[in-house]
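Heads up: the protein sequence lines correspond to chains A and B, in order. Residue numbering for the first sequence is 18 to 393, as defined by the working numbering. Residue numbering for the second sequence is 5 to 144, as defined by the working numbering.
Just so you know, the hints here were simulated from the structure itself, not pulled from any lab data. Here the structure is a predicted model, which means the values were calculated and not measured. Positions of the beta carbon are idealized from the N, C-alpha and C atoms, including for glycine. Where hints are given, some of them may not hold.
Unchecked claim - Simulated DEER-style distance windows between Cβ atoms:
#	chain 1	residue 1	chain 2	residue 2	range
1	B	Gly74	A	Asn73	56 to 64 Å
2	A	Ser259	B	Asp75	31 to 39 Å
3	A	Gln363	B	Asp75	25 to 33 Å
Unchecked claim - List time: in silico BS3-like cross-link candidates among lysine-lysine, alpha-carbon distance up to 25 Å:
#	chain 1	residue 1	chain 2	residue 2
4	A	Lys302	A	Lys273
5	B	Lys97	A	Lys383
6	B	Lys97	A	Lys302
7	A	Lys122	B	Lys57
8	B	Lys57	A	Lys273
9	B	Lys132	A	Lys309
10	A	Lys171	A	Lys161
11	A	Lys278	B	Lys97
12	B	Lys84	A	Lys244
Claimed, not checked - Anything over 10 Å on all C-beta distances counts as not near chain A; from chain B, calculated:
#	residue
13	Glu7
14	Trp19
15	Gln34
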Amino acid sequence: MAMSTTLPIENRQIRKTINTFLKELLGTRVVEAILVPLAHPSGNNIVQSLVTDPENLEQTDVFAPVLPVISACIVSEMTRLTPVSKKTAVVMRPCEMRALIELVKLQQASLDNLILIGIDCPGVYSLDDYLEFVEGNTSDDFIKAASNRGEDEKLRAGCQICAYPVPLTADLTIGWVGLDIEKGLLLQADTAKGDEILEQLGLTIESDSNLSKQRESAIKKFLVGIKEKRADFFSRTREEVSGIDNLSAIFASCIKCHNCKTVCPVCYCRECFFDSPTFELEADKYLGLAEKQGALRMPTNTMLYHMTRMNHMGTSCVGCGACEENCPSNIPLLKVFQLIGDTVQQLFNYIPGHSLEDELPATIFKEDEFQWIGER
Amino acid sequence: MAEFEPKILGFLCNWCTAAAADLAGTTRAQYPANLHPVRVMCSGTVDPVYLIKALLAGADAVLVGGCHPGDCHYVSGNYKARRRIAMLKAIFKALGLDDDRIWVRWISASEGPEFAQTVRDITEETKKQGPSPLANNWAL
Numbered sequence: 018m019a020m021s022t023t024l025p026i027e028n029r030q031i032r033k034t035i036n037t038f039l040k041e042l043l044g045t046r047v048v049e050a051i052l053v054p055l056a057h058p059s060g061n062n063i064v065q066s067l068v069t070d071p072e073n074l075e076q077t078d079v080f081a082p083v084l085p086v087i088s089a090c091i092v093s094e095m096t097r098l099t100p101v102s103k104k105t106a107v108v109m110r111p112c113e114m115r116a117l118i119e120l121v122k123l124q125q126a127s128l129d130n131l132i133l134i135g136i137d138c139p140g141v142y143s144l145d146d147y148l149e150f151v152e153g154n155t156s157d158d159f160i161k162a163a164s165n166r167g168e169d170e171k172l173r174a175g176c177q178i179c180a181y182p183v184p185l186t187a188d189l190t191i192g193w194v195g196l197d198i199e200k201g202l203l204l205q206a207d208t209a210k211g212d213e214i215l216e217q218l219g220l221t222i223e224s225d226s227n228l229s230k231q232r233e234s235a236i237k238k239f240l241v242g243i244k245e246k247r248a249d250f251f252s253r254t255r256e257e258v259s260g261i262d263n264l265s266a267i268f269a270s271c272i273k274c275h276n277c278k279t280v281c282p283v284c285y286c287r288e289c290f291f292d293s294p295t296f297e298l299e300a301d302k303y304l305g306l307a308e309k310q311g312a313l314r315m316p317t318n319t320m321l322y323h324m325t326r327m328n329h330m331g332t333s334c335v336g337c338g339a340c341e342e343n344c345p346s347n348i349p350l351l352k353v354f355q356l357i358g359d360t361v362q363q364l365f366n367y368i369p370g371h372s373l374e375d376e377l378p379a380t381i382f383k384e385d386e387f388q389w390i391g392e393r
Numbered sequence: 005m006a007e008f009e010p011k012i013l014g015f016l017c018n019w020c021t022a023a024a025a026d027l028a029g030t031t032r033a034q035y036p037a038n039l040h041p042v043r044v045m046c047s048g049t050v051d052p053v054y055l056i057k058a059l060l061a062g063a064d065a066v067l068v069g070g071c072h073p074g075d076c077h078y079v080s081g082n083y084k085a086r087r088r089i090a091m092l093k094a095i096f097k098a099l100g101l102d103d104d105r106i107w108v109r110w111i112s113a114s115e116g117p118e119f120a121q122t123v124r125d126i127t128e129e130t131k132k133q134g135p136s137p138l139a140n141n142w143a144l
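With these hints in hand, go ahead and build the complete structure from the sequences.
Right, dumping it as structure tokens:
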């Protein structure tokens, strides 16, 4: 039974409605701080910010279609050593929240005292497309258009095939899927923590409201459609990626900058094997390697790096697309990682970020699985 | 032209398969010299990166040899290895690469003849497959 309330939209201003709600949340000290994307005072950039003064929430822009940093990384940075001691809300997109759940399981973040506020995500643009879009458009224009038609070919590749555009583990959800966004947003409590907050705010609460049900059924319908779209995407990607020649071509432009691992929310090792002295060789070793093959691609070990990352991160990949967005060499990393992620996640019947209870596939085993492996 | 002699890199568990290799030697079991053994403490210590590196660096096939399921000297290392290799094989398949070149065999310390037979099998099979397109490919 989900408790919910409606946030009425005043003067068709969606951004303002959300900001008023967040201000109320912080102003009444239901939470002591909020981590949220703010419009940077210098212009069109959106930056994650930890806000303690409600006045600053005026700049909040949660639906601005750009995703520069995955907020799960920020929460991890903040809570890796100690959990937050005061109630802190985090407004997250669904992929960010799923990444955070993975990081908690990997013991890289703590949810203590955190209130997870999820939004139904309309997707984001690449930075360049976003900067073009904001010349003359607002996030309100974007979210209204998204709620009306849904398809937008300019969205980042990952967003176009996102399997979970709605929060899975939020305490509170700001929902609009299936609703008339110009009338009101749904504010739904999905956990006991969420219920408590709705009560503390003194809002009119309904259980299993019509809007909640309307949203639920719209989501169900959406998920059926996206399954087909994803299946189509995977069969196309398999063709593009498949085989040593295609694979070699895809990663040919890699400059080994390691950006993809730096921005990946679930690539969490403090000391990466690929930054280790293992790969520091004496000059003559390079010559030896070159001699053996006739030539040696430099920088070395790029294919090894990507294939290893697929193995290490595949089960936890949430498909946020940060790798592809931040690749200076335009490698279609999201494509490859979605294909691999989907493959290994299906193998273990695991949905990253779905729940804290599902154990990480690499940390467990069953005695009676994969018995064909090792058979003579 | 000389017959293709595949290079096979084997990661052999100290307690089982490496001991079986020893036994095969002391009992003078005959098997091809194509396997280059690397003794590891447990099949569970074999990170997929070792296997990928081996395949990219020139191995035509790789073998992970461990204790029979249930017999791991560290209780569950081989179960974990089995999961990891299932994942590696699935990834190879998804990428359109030959996952048959990744071998796993559970061979206990007393199974010297089985070890020799395993090396014969892998060598023969790899000869049939021919040189690996991943091996010694400078462009990767």
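Results for each hint:
| no. | hint | in the structure |
| --- | --- | --- |
| 1 | B:Gly74 to A:Asn73: 56 to 64 Å | holds, 60 Å |
| 2 | A:Ser259 to B:Asp75: 31 to 39 Å | holds, 38 Å |
| 3 | A:Gln363 to B:Asp75: 25 to 33 Å | holds, 30 Å |
| 4 | A:Lys302 to A:Lys273 | holds, 19 Å |
| 5 | B:Lys97 to A:Lys383 | holds, 22 Å |
| 6 | B:Lys97 to A:Lys302 | violated, 32 Å |
| 7 | A:Lys122 to B:Lys57 | violated, 28 Å |
| 8 | B:Lys57 to A:Lys273 | holds, 16 Å |
| 9 | B:Lys132 to A:Lys309 | holds, 24 Å |
| 10 | A:Lys171 to A:Lys161 | holds, 16 Å |
| 11 | A:Lys278 to B:Lys97 | holds, 23 Å |
| 12 | B:Lys84 to A:Lys244 | violated, 31 Å |
| 13 | Glu7 | holds, 21 Å |
| 14 | Trp19 | holds, 16 Å |
| 15 | Gln34 | holds, 19 Å |
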